[in-house]
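Engineer: Okay, here's what each chain looks like letter by letter:
There are 2 protein chains.
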Amino acid sequence: MDKNGTALALLDEFKDDPNAQAWLWKDHTGYAEAAQITQLAAKEHPEYLAKCGGIYSSEWFFSKILHCLRVDPKVFDAAYTWVEHADYMTALLTGTCDPRIIKRCRCAAGHKAMFSDDWGGYPAKDFLCKLDKKLRRLYDTLSKKIYAIDTAAGSLTQEWSKKLGVPAGIPVAMGAFDAHLGAVGSGIREGTLVKIIGTSTCDMVVKAKATRLADVPGICGIVDGSILPGLWGLEAGQSAVGDIFNWFVSYIQAGGKDAGSHDALTQKAARLRPGQSGLLALDWNNGNRTILVDQRLTGLLLGQTLHTKPEEIYRALIEATAFGALTIINRFEEYGVHTKEIVNCGGIAEKNPPLMGIYADVTSTEMKISRSAQSCALGSAIAAAVVAGKAAGGYDNFAAAQKQMCGVKDITYKPIPENVKVYQQLYKLYRQLHDAFGIDADAGRLANVMKDLLSIKERANT
Amino acid sequence: MDKNGTALALLDEFKDDPNAQAWLWKDHTGYAEAAQITQLAAKEHPEYLAKCGGIYSSEWFFSKILHCLRVDPKVFDAAYTWVEHADYMTALLTGTCDPRIIKRCRCAAGHKAMFSDDWGGYPAKDFLCKLDKKLRRLYDTLSKKIYAIDTAAGSLTQEWSKKLGVPAGIPVAMGAFDAHLGAVGSGIREGTLVKIIGTSTCDMVVKAKATRLADVPGICGIVDGSILPGLWGLEAGQSAVGDIFNWFVSYIQAGGKDAGSHDALTQKAARLRPGQSGLLALDWNNGNRTILVDQRLTGLLLGQTLHTKPEEIYRALIEATAFGALTIINRFEEYGVHTKEIVNCGGIAEKNPPLMGIYADVTSTEMKISRSAQSCALGSAIAAAVVAGKAAGGYDNFAAAQKQMCGVKDITYKPIPENVKVYQQLYKLYRQLHDAFGIDADAGRLANVMKDLLSIKERANT
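Sequence order for the protein chains is A and B.
According to numbering that gives the first Met the number 0, the stretch in the first sequence is residues 0 to 461, in order.
According to numbering that gives the first Met the number 0, the stretch in the second sequence is residues 0 to 461, in order.
Each hint should be verified, as a subset may be incorrect.
If chains are identical, the list can't say which one is meant, so a pair holds when it fits in one copy or spans any two.
Stated by the list, open to error - Subject to a maximum C-alpha distance of 25 Å in a straight line, what follows is the list of computed DSS-like cross-link-like pairs (lysine-lysine):
{"id": "1", "residue 1": "Lys267", "residue 2": "Lys144"}
{"id": "2", "residue 1": "Lys308", "residue 2": "Lys25"}
{"id": "3", "residue 1": "Lys450", "residue 2": "Lys427"}
{"id": "4", "residue 1": "Lys308", "residue 2": "Lys456"}
{"id": "5", "residue 1": "Lys132", "residue 2": "Lys2"}
{"id": "6", "residue 1": "Lys350", "residue 2": "Lys408"}
{"id": "7", "residue 1": "Lys267", "residue 2": "Lys308"}
{"id": "8", "residue 1": "Lys267", "residue 2": "Lys456"}
{"id": "9", "residue 1": "Lys456", "residue 2": "Lys427"}
{"id": "10", "residue 1": "Lys133", "residue 2": "Lys73"}
{"id": "11", "residue 1": "Lys267", "residue 2": "Lys14"}
{"id": "12", "residue 1": "Lys389", "residue 2": "Lys413"}
{"id": "13", "residue 1": "Lys102", "residue 2": "Lys144"}
{"id": "14", "residue 1": "Lys450", "residue 2": "Lys308"}
{"id": "15", "residue 1": "Lys73", "residue 2": "Lys162"}
Hint data in this document are derived by calculation from the structure and do not stem from the laboratory.
Let the sequences and hints guide you as you build the complete structure.
Structural biologist: See the structure below:
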């Protein structure tokens, strides 16, 4: 945004410049900048990396800004500061877009911009300047204080009151990422893993701050108060889940008469038994966010014969995302973050029973579904109810609000022992491929393959 | 066939039993029997294996017969002997189906049934009996003498003369496999590699018998006179080529409106530059015949993103078959069998110019196309013309006949240097995957993956 708090995208000068529009979370173009940030932090501030899984991602704040600085300096120079969408929305509603007063949320600052109370805020000015001197100005616009969702960003303006039809002056709670509020709306508490399954997944857990918590490598951050105020919020996730199924249906099947729809493929895939197709896939069509934190990984499908059918591939892709999910759960377990319960929400969790069944079998855990069809919105409403307070008809705290407002559906998906057994065998093979292609130091020594292909591809495209 | 030389398939009793019908070359159900034969030969008769690439294939004579013996003993017991189709056809035309007089051809006996003059014929009776005692009876029906295509199987019967409209009594040349006669019809000679490209490929070269010829591991046989009389015939091949493209179009695309035909996909794929898709595939959807001789290998596709398009996959599959072709050429080279010229024939070679262009770029060799649209039939005609002899309007020898009757088309496909360069990089990665998944001892240590998946699949299907 410029000095007045106006998004550059809304200015005539920049309305056609893609770099002045919102940078989507799944934009990975800043992968080289992410690598540079990781490298510098590893050398000078390993503590920064420890709290974000060991690798700074191309999906995050400084990678994108640094990439913009390099590919479109005009946009970078015109920006007075950069603001996360979750902060921009609350600022807009409360008339606090002015960069000098805008409040930034714990969730975004902690998970994407390396903010931590441990080092008193954002990364050091020196650190940012070593990445690029021009980042000094950005640093100066970032405040030392950030806010959890139990704080009001401000109160609703007259203008937005009219547009939305709710009273002016009511408090607007601080923002957070959709997934994190979805976790709140799904009733997250210690021991409960909330999975938001849509185009990608976000996997969230909370831990009491009294807990002695290890730094968990490969996850997307351990942030004080990012999910529920006063608790550690831990986030992990898969860069693509529903997006992979969409790719197969929309791009590869492309309207084929025998299959061609998610419903038809899901129905046929549901009739297959685990292992029956002989296929195995890696769920990396959009890179791997957790636990490898490597956007330059790509998809893999193995086991095709001359008889392999689309529904078999479709099921293999679902299974691959389930194996990816299990890898995240296992990583949490290895570092003492135990999962007692899994609650799922998001479009895919609600609309695809066979998928939930496969997830239950692969993880050997009962899959519950958040009762609300709009868990993220419900989480926002819970935050609003807490910020408003009991006196205004709301709640004193999140536990009380969640108890009243959250729940799971009656239908749950229980693991079927004979399927669990087959998936344990398949998961071993998945891990073999995962480690061989995804881990540089692995004995498989194939970690170069996907990257070399991307380099060749880049050269072919220039 | 039974004792009268009647094919069991033609008897009422067996007309509905698939095991009594012709066993297609690409039947791999006898893989366990092939492994047993390889194991026993490695222990007791390594010389048998040396002449057939080091591994006895599930596609060959004894693997299939032993498999039938095990899965359908009724058919095995009813068969007096087993006859290759190439021998059955000539016997039928010449009225020599009687198992006591039927002539068997060098090509089939040498490449599929381990016949060699080095050990005086078929594998020893003791050897076969160790595989199964019941094979003794089969052994007794196999003659000590086999015949090249410069010999007459007999002369055309009255019955077939009427059916075919050619004079009775004319000599009928000994048979050979379609591909081998295709090589003859494509003008094969020393230094010329003939590739028959159809659903699968067959790659053939000949070498003077004076040459000191190494045993070439992983090829499908080195047989005296199997292609041209008096020369070593060397055969290699890929278990699936066109079959893989057909699988993708018929099974996976399944009539998708945006693509769905070989022509449409080929046209779009031809517009891509080498390396541009970031994809890499292994051409093992039907196992690997040369150089790994392992039918329990399966397909692999790697490098998919959320934007990968069908034509990119289609091209990657074509490229995979080209890399497979190069692997065969390299193997010949490593053992001193040098390729000076490549002549292609078969449906795909004639009808798919972009594919031939890719083959030229990948192998860095000009691709020529056999002039005849029916090179295999032409090879048969050449054999007939030689067997008939000059006096009857034919030829004295194959060189003279080929000189008159064979040629290549005007259009050839020359390698494009900049494409060659990119494919050299891609081929390195192909070899990395090839070795990691295909070679047990490779450091990649992934050779278990495809096989474990097949074992899991087999258990899931029972």
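Engineer: Each hint should be assessed against the structure and marked as holding or not.
Structural biologist: For each hint, the structure was consulted:
{"no.": "1", "hint": "Lys267 with Lys144", "in the structure": "neither (53 Å within a copy, 55 Å between copies)"}
{"no.": "2", "hint": "Lys308 with Lys25", "in the structure": "between (30 Å within a copy, 20 Å between copies)"}
{"no.": "3", "hint": "Lys450 with Lys427", "in the structure": "both (24 Å within a copy, 13 Å between copies)"}
{"no.": "4", "hint": "Lys308 with Lys456", "in the structure": "between (29 Å within a copy, 14 Å between copies)"}
{"no.": "5", "hint": "Lys132 with Lys2", "in the structure": "within (20 Å within a copy, 92 Å between copies)"}
{"no.": "6", "hint": "Lys350 with Lys408", "in the structure": "within (13 Å within a copy, 58 Å between copies)"}
{"no.": "7", "hint": "Lys267 with Lys308", "in the structure": "both (10 Å within a copy, 23 Å between copies)"}
{"no.": "8", "hint": "Lys267 with Lys456", "in the structure": "between (35 Å within a copy, 17 Å between copies)"}
{"no.": "9", "hint": "Lys456 with Lys427", "in the structure": "between (31 Å within a copy, 15 Å between copies)"}
{"no.": "10", "hint": "Lys133 with Lys73", "in the structure": "within (12 Å within a copy, 84 Å between copies)"}
{"no.": "11", "hint": "Lys267 with Lys14", "in the structure": "neither (46 Å within a copy, 34 Å between copies)"}
{"no.": "12", "hint": "Lys389 with Lys413", "in the structure": "neither (38 Å within a copy, 81 Å between copies)"}
{"no.": "13", "hint": "Lys102 with Lys144", "in the structure": "within (8 Å within a copy, 94 Å between copies)"}
{"no.": "14", "hint": "Lys450 with Lys308", "in the structure": "between (29 Å within a copy, 19 Å between copies)"}
{"no.": "15", "hint": "Lys73 with Lys162", "in the structure": "neither (34 Å within a copy, 83 Å between copies)"}
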